[in-house]
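First to last, the sequence lines map onto chains X and F.
The working numbering numbers the first residue of the first sequence as 1 and each following residue consecutively.
The working numbering numbers the first residue of the second sequence as 1 and each following residue consecutively.
Simulated from the structure, these hints should not be mistaken for lab results.
Positions of the beta carbon are idealized from the N, C-alpha and C atoms, including for glycine.
Certain hints may be false.
No farther apart than 30 angstroms at their CA atoms in a straight line, the calculated lysine-lysine pairs in the DSBU-like style are these [said to hold, decoys possible]:
#1 K7(X) to K86(F)
#2 K86(F) to K156(X)
#3 K116(F) to K7(X)
#4 K112(X) to K20(F)
#5 K137(X) to K157(F)
#6 K89(F) to K10(X)
#7 K17(F) to K112(F)
#8 K39(X) to K126(X)
#9 K112(F) to K130(X)
#10 K137(X) to K17(F)
#11 K86(F) to K112(X)
#12 K130(F) to K112(X)
#13 K112(F) to K46(F)
#14 K89(F) to K46(F)
#15 K10(X) to K46(F)
#16 K126(X) to K116(F)
#17 K137(X) to K34(X)
#18 K130(F) to K137(X)
#19 K10(X) to K168(X)
#20 K17(F) to K116(F)
#21 K89(X) to K112(F)
#22 K29(X) to K160(X)
#23 K126(X) to K20(F)
#24 K112(X) to K160(X)
#25 K7(X) to K32(F)
#26 K112(X) to K36(X)
#27 K130(X) to K20(F)
#28 K126(F) to K29(X)
#29 K116(F) to K112(X)
#30 K160(X) to K86(F)
#31 K126(X) to K185(X)
Here are some chain X residues the structure puts well away from chain F; computed CB gaps all over 10 angstroms [unchecked claim]:
#32 S15
#33 T18
#34 K27
#35 R125
#36 K156
#37 R157
#38 K160
#39 A171
#40 L181
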Amino acid sequence: MELMRNKMNKIHPLSDETWNEFSSLLKHKQYPSKHKLCKLGQRATDSYFLIDGFIRVYLISENGVETNKHIYPSGSFVASFTSLILQNKSIVEIECLTECKIVEFNYADFIKLSNSRMDLCIMQRKNLEKFYVGLEKRELESVFLNSTERYLALIKRIPKIETKISQKNIALHLGITTVQLSRLKRNLRT
Amino acid sequence: MNLLESYILSIHHLSKKSLKDLTDLFEYKVYKSNDILCEVDTIPTKTFFLRNGCVKAYIPSSINKSYVRRIYAENIIFSSYSALIKNTKSIYNLKCITDCEILECNYEEFIKLSEKNIEVAIFIRKAIEKLYVTYINRNIDFLTLDATERYKNLVEKIPEIESFLTQNEIASHLAISKMQLNRLKKKLNNYS
Numbered sequence: 001m002e003l004m005r006n007k008m009n010k011i012h013p014l015s016d017e018t019w020n021e022f023s024s025l026l027k028h029k030q031y032p033s034k035h036k037l038c039k040l041g042q043r044a045t046d047s048y049f050l051i052d053g054f055i056r057v058y059l060i061s062e063n064g065v066e067t068n069k070h071i072y073p074s075g076s077f078v079a080s081f082t083s084l085i086l087q088n089k090s091i092v093e094i095e096c097l098t099e100c101k102i103v104e105f106n107y108a109d110f111i112k113l114s115n116s117r118m119d120l121c122i123m124q125r126k127n128l129e130k131f132y133v134g135l136e137k138r139e140l141e142s143v144f145l146n147s148t149e150r151y152l153a154l155i156k157r158i159p160k161i162e163t164k165i166s167q168k169n170i171a172l173h174l175g176i177t178t179v180q181l182s183r184l185k186r187n188l189r190t
Numbered sequence: 001m002n003l004l005e006s007y008i009l010s011i012h013h014l015s016k017k018s019l020k021d022l023t024d025l026f027e028y029k030v031y032k033s034n035d036i037l038c039e040v041d042t043i044p045t046k047t048f049f050l051r052n053g054c055v056k057a058y059i060p061s062s063i064n065k066s067y068v069r070r071i072y073a074e075n076i077i078f079s080s081y082s083a084l085i086k087n088t089k090s091i092y093n094l095k096c097i098t099d100c101e102i103l104e105c106n107y108e109e110f111i112k113l114s115e116k117n118i119e120v121a122i123f124i125r126k127a128i129e130k131l132y133v134t135y136i137n138r139n140i141d142f143l144t145l146d147a148t149e150r151y152k153n154l155v156e157k158i159p160e161i162e163s164f165l166t167q168n169e170i171a172s173h174l175a176i177s178k179m180q181l182n183r184l185k186k187k188l189n190n191y192s
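Let's have the full structure, built from the sequences with the hints guiding it.
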């Protein structure tokens, strides 16, 4: 809980009163590796804070091809955000890549609370801003950086990622094959 | 009711007073084609409502091949957003590609108002959510629609796009080569 409160306070300080009301919405959960927090086509209702572990968010095309959109380490907020906002079917899947300790909360209840609490509303705005900036950064990386540069950016962002998740998932995230990833790493070592 | 008011109310219902306090922050300005609203490498301070006209957001490149990231048609709020909220240098140029009628507002004042007025705070939150959804949908289109469909969507959104942007700019916006763009257009003409 400390991790979550600290993270939120860093974004924008919350009063004790606000935190207490918000805490009453939280559910602590533990999930095994490969557990899906959100399936394709499901109407998302919850938002998540990852206390420990790794989570991936990915798209599945009609012919079953997966595209990793993002990999989240501990201390991240994760959600099928478009589905939460528009209250429609999720276009992404959210899966635990490792065993995960998660705090869940109902997004509609959270919004209702933030609509009456200025500090929470400001925190959510700033959180969304961070989210958006991260998205844009990744879009520009995918346009302007080659796969080696994107690999280096990934391990800079999450240094221990190779010990925690499979090469297959890292390759998927970079939009390359595992063979290409091996070659890329071999080239970096020489 | 004017365009800006309708746009704001379509996102969140504000009381009369809150709506007035917010719209009072916006100043009406007319710009000419090729005028720059936000210069690359400067720190942006404003957010804009496009009442009339067309604007492009692009990353200028020394190789004469700029990357046109966004094209804005009327009835939208836009800015060099990441730089604006982080208070860093803009990587984009925001340039009018037609004469434009714009309502502009100092972003810091906008935020100051939102931190005193919860209706405005909710409005901003919903506006960012909308921005996020538009963004994601655009990315999804990129992953799921082929270049022809994306070209058709672009022309549907801005029918005169061919007169506003060069072939290089249109191609880079669709993330294809100029040759692919030519081929695609030839095919479309053959079927029409």
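Tell me the hint numbers this structure goes against, listed in increasing order.
Hints 10, 19, 21, 24, 25, 31 and 35 contradicted; others consistent.
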